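Novice: The chain contents come next:
Number of protein chains: 2
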Amino acid sequence: MQKIAIDMDGVLADVYSQFIKMHQQEFGELISIESIYGKTEGEAFVHCRKYIQADGFFRDAPLMEGCKKVLERINQEYDLYLVSAALEFPWSLIQKVDWIKQHFPFIGWQQIVLCGSKQIIAADIMIDDHFKNLDHFPGKTILFTQAHNILKDAGRHQRVNNWNEIEKILL
Amino acid sequence: MQKIAIDMDGVLADVYSQFIKMHQQEFGELISIESIYGKTEGEAFVHCRKYIQADGFFRDAPLMEGCKKVLERINQEYDLYLVSAALEFPWSLIQKVDWIKQHFPFIGWQQIVLCGSKQIIAADIMIDDHFKNLDHFPGKTILFTQAHNILKDAGRHQRVNNWNEIEKILL
Numbered sequence: 001m002q003k004i005a006i007d008m009d010g011v012l013a014d015v016y017s018q019f020i021k022m023h024q025q026e027f028g029e030l031i032s033i034e035s036i037y038g039k040t041e042g043e044a045f046v047h048c049r050k051y052i053q054a055d056g057f058f059r060d061a062p063l064m065e066g067c068k069k070v071l072e073r074i075n076q077e078y079d080l081y082l083v084s085a086a087l088e089f090p091w092s093l094i095q096k097v098d099w100i101k102q103h104f105p106f107i108g109w110q111q112i113v114l115c116g117s118k119q120i121i122a123a124d125i126m127i128d129d130h131f132k133n134l135d136h137f138p139g140k141t142i143l144f145t146q147a148h149n150i151l152k153d154a155g156r157h158q159r160v161n162n163w164n165e166i167e168k169i170l171l
Numbered sequence: 001m002q003k004i005a006i007d008m009d010g011v012l013a014d015v016y017s018q019f020i021k022m023h024q025q026e027f028g029e030l031i032s033i034e035s036i037y038g039k040t041e042g043e044a045f046v047h048c049r050k051y052i053q054a055d056g057f058f059r060d061a062p063l064m065e066g067c068k069k070v071l072e073r074i075n076q077e078y079d080l081y082l083v084s085a086a087l088e089f090p091w092s093l094i095q096k097v098d099w100i101k102q103h104f105p106f107i108g109w110q111q112i113v114l115c116g117s118k119q120i121i122a123a124d125i126m127i128d129d130h131f132k133n134l135d136h137f138p139g140k141t142i143l144f145t146q147a148h149n150i151l152k153d154a155g156r157h158q159r160v161n162n163w164n165e166i167e168k169i170l171l
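Chains A and B supply the protein sequences, listed in that same order. Oh and the first sequence: position 108 is 108 in the numbering used here, straight run, nothing missing. Oh and the second sequence: position 19 is 19 in the numbering used here, straight run, nothing missing.
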């Protein structure tokens, strides 16, 4: 059974919709996704780091469309781990565990990894929206499209735009 | 630079002294380490799981003797990660981060991994006191002696009894 490491923020958890909502609450301005193509989260949302620290930012993040049923099938056919580079934000640790329990009751605690760098991860396949996590990974790499990476060439990574495309590739 | 994954509980953090202290507080009985050789933590301390859930069990754990200065040197000569199978006890996550910050200010958040299973860990060397973590690891494996493993043959793993021995092997 192949081992697969799947990122949380920006792949399973729709953190962009959280940023957009909180920016609108603070400034009354609705930022469109298209307007922030190619920008980092910090460039797109001036108070990005404040929003991340808000209580519930991670716990209340919506699911990425279509991820739940695909993840459940991946969990049956692969040795699945959810891997989040969460240690930069220690307050997020328990929120992330709660979030996984709430949305993916089929994921056991054995399958959760909260790390700082993903250079410590051993798996056959990695799905992530950040080049910094995929570039050093020796296995198959799948780049999940998000506004911050959409203008870049995926290079050796296979780009997917949504969970339907992940389903087609993996299942 | 070789990548090394070092366990926390029972290798860096002296959790046995926490168990012994809490057992004595509850029952007035001082358990000697020798009397629990070969027993799991659950067999040695009937209320083991209750103690683990006590506030501060992990945060207040003493350091294993001699570990700090050796770990600081390992951090200079290796690509060091502290890896704890902490997800079974989600309340311990933030305690463990605090504990690392308190005792090892030279360890960055990038170097911390809180996981469930260690089968996801990629490194050249692993130091751990549990066979279940070392047995599947493809690299060099160092078994740190604790009461629960002291009567077993180390097999393919190299046994060390203290941090002086780790220093001799690695530095």
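Errors might be hidden in some of the hints.
Because identical chains cannot be distinguished in the list, a pair is counted as satisfied if it fits within a single copy or across any two copies.
Stated by the list, open to error - Below 30 Å or equal to it, Euclidean Cα-Cα: the simulated DSSO-like pairs (lysine-lysine) are: (1) K132 with K3; (2) K152 with K132; (3) K101 with K152; (4) K168 with K50; (5) K140 with K3; (6) K21 with K140; (7) K3 with K21; (8) K50 with K101; (9) K50 with K140; (10) K101 with K132; (11) K69 with K50; (12) K50 with K3.
Please keep in mind that the hints were generated in silico from the structure rather than gathered at the bench. In this text, all values refer to a predicted model and were calculated from it rather than measured experimentally.
Novice: I want to check one pair: K3 and K21. Are their C-alpha atoms no more than 30 Å apart within a copy, between two copies, both, or neither?
Specialist: The answer is neither: 35 Å in one copy and 41 Å across copies each exceed 30 Å.
Novice: Taking 30 Å as the upper bound on the Cα-Cα distance, should K50 and K3 be classified as within, between, both, or neither?
Specialist: This pair counts as neither: shortest intra-copy Cα distance 35 Å, inter-copy 34 Å.
Novice: What label fits K168 with K50 when the C-alpha limit is 30 Å: within, between, both, or neither?
Specialist: neither (37 Å within a copy, 46 Å between copies)
Novice: Classify it for me, K101 with K152: is the Cα-Cα distance of at most 30 Å met within a copy, between copies, both or neither?
Specialist: Close neither inside one copy (34 Å) nor across copies (37 Å); limit 30 Å.
Novice: Given identical chains, is K101 near K132, meaning Cα to Cα at most 30 Å, within a copy, between copies, both, or neither?
Specialist: Cα proximity of K101 and K132: in one copy and across copies (27 Å, 25 Å).
Novice: Should K50 paired with K140 be assigned to within, between, both, or neither, using CA atoms and 30 Å as the limit?
Specialist: neither (34 Å within a copy, 43 Å between copies)
Novice: Please work out whether the CA atoms of K132 and K3 approach to 30 Å or closer within one copy, between two copies, in both situations, or in neither?
Specialist: Both: 20 Å inside a chain and 18 Å across chains, each within 30 Å.
Novice: When no copy is specified for K21 and K140, does a C-alpha distance of 30 Å or less occur within a copy, between copies, both, or neither?
Specialist: neither (34 Å within a copy, 48 Å between copies)
Novice: Since the copies are identical, ignore which copy is meant and state whether K69 and K50 lie within 30 Å (CA to CA) inside a copy, between copies, both or neither.
Specialist: Answer is neither; intra-copy 32 Å and inter-copy 36 Å both fail.
Novice: Please sort K50 with K101 into within, between, both or neither, judging by C-alpha distance up to 30 Å.
Specialist: Intra 25 Å, inter 22 Å, cutoff 30 Å: intra and inter.
Novice: Is it within a copy, between copies, both, or neither that the alpha carbon of K140 lies no farther than 30 Å from that of K3?
Specialist: both (11 Å within a copy, 21 Å between copies)
Novice: Under a CA distance limit of 30 Å, which applies to K152 and K132: within one copy, between copies, both, or neither?
Specialist: Within one copy, since 13 Å is at most 30 Å while 42 Å is not.
Hints 3, 4, 6, 7, 9, 11 and 12, counting from the list given before, are not met by this structure.
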